[in-house]
Amino acid sequence: MEQFIGIPYLPHGRDYTGADCWGILFLYYRDRLGVSVPSYSAEMDAREFHRSSIGPLMAEEREKHWHLVDAPLAGDCVLMRAGRHDSHVGVFLGQGLMLHSEGPHPSVIDRTGDMRWRSRISGFYRLNQ
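Reminder that position 32 of the sequence shown reads as 23 in this note's numbering, one-by-one numbering, no gaps.
Calculated directly from the structure, the hints in this document are not laboratory data.
Check the hints yourself; a few may be wrong.
Cβ pair distances, simulated, as ranges [unchecked claim]:
1) D22 <-> N119: 19 to 25 Å
2) R111 <-> M(-8): 22 to 28 Å
3) D61 <-> P(-1): 31 to 37 Å
4) G85 <-> R21: 18 to 24 Å
5) L64 <-> R109: 17 to 23 Å
6) E54 <-> S27: 17 to 23 Å
7) P29 <-> Q86: 24 to 30 Å
8) Q(-6) <-> R72: 27 to 33 Å
9) P(-1) <-> V60: 26 to 32 Å
10) G25 <-> E52: 18 to 24 Å
11) K55 <-> R21: 17 to 23 Å
12) A62 <-> T8: 31 to 37 Å
13) Q86 <-> G(-3): 16 to 22 Å
14) Q86 <-> M106: 14 to 20 Å
Taking lysine to any residue pairs in the SDA-like style, the calculated list, with each CA pair at most 20 Å apart, reads [as the list claims (entries may be wrong)]:
15) K55 <-> L118
16) K55 <-> Q120
17) K55 <-> D77
18) K55 <-> S113
19) K55 <-> V28
20) K55 <-> Y20
21) K55 <-> R117
22) K55 <-> G114
23) K55 <-> P29
24) K55 <-> F115
25) K55 <-> N119
26) K55 <-> G66
27) K55 <-> S30
28) K55 <-> S27
29) K55 <-> H76
30) K55 <-> S32
31) K55 <-> Y31
32) K55 <-> V26
33) K55 <-> Y116
Glycine residues also receive a C-beta, built at the ideal position from the N, C-alpha and C atoms.
Please put together the full structure from these sequences, using the hints given.
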């Protein structure tokens, strides 16, 4: 787990030298779970970093590849609002913990029940397999 903590924040980053929130999920799924998820690098590079443009991309992809779960398991995606838009993700680790990165800070483990996060969580999603 140590390899995922402290990764510098880098918009559109998808490796250990720098990653955004999706980059952290991408690395975790690839290297911890052995599961391939889309990187969305090209889609993100084509957009300016505005929550209003990221939210629709996330909604579209969520419907294709993920399903909402009531009881999250370790490895599920935590979808969160940033402002009015579902545009931030983390990885649920179990026991109320999540791994995520929110710029400009490096990746960390936070409690999903902390005041800062609990009101922002839109849902927990599991990858369709």
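Which numbered hints turn out to be false for this structure?
none
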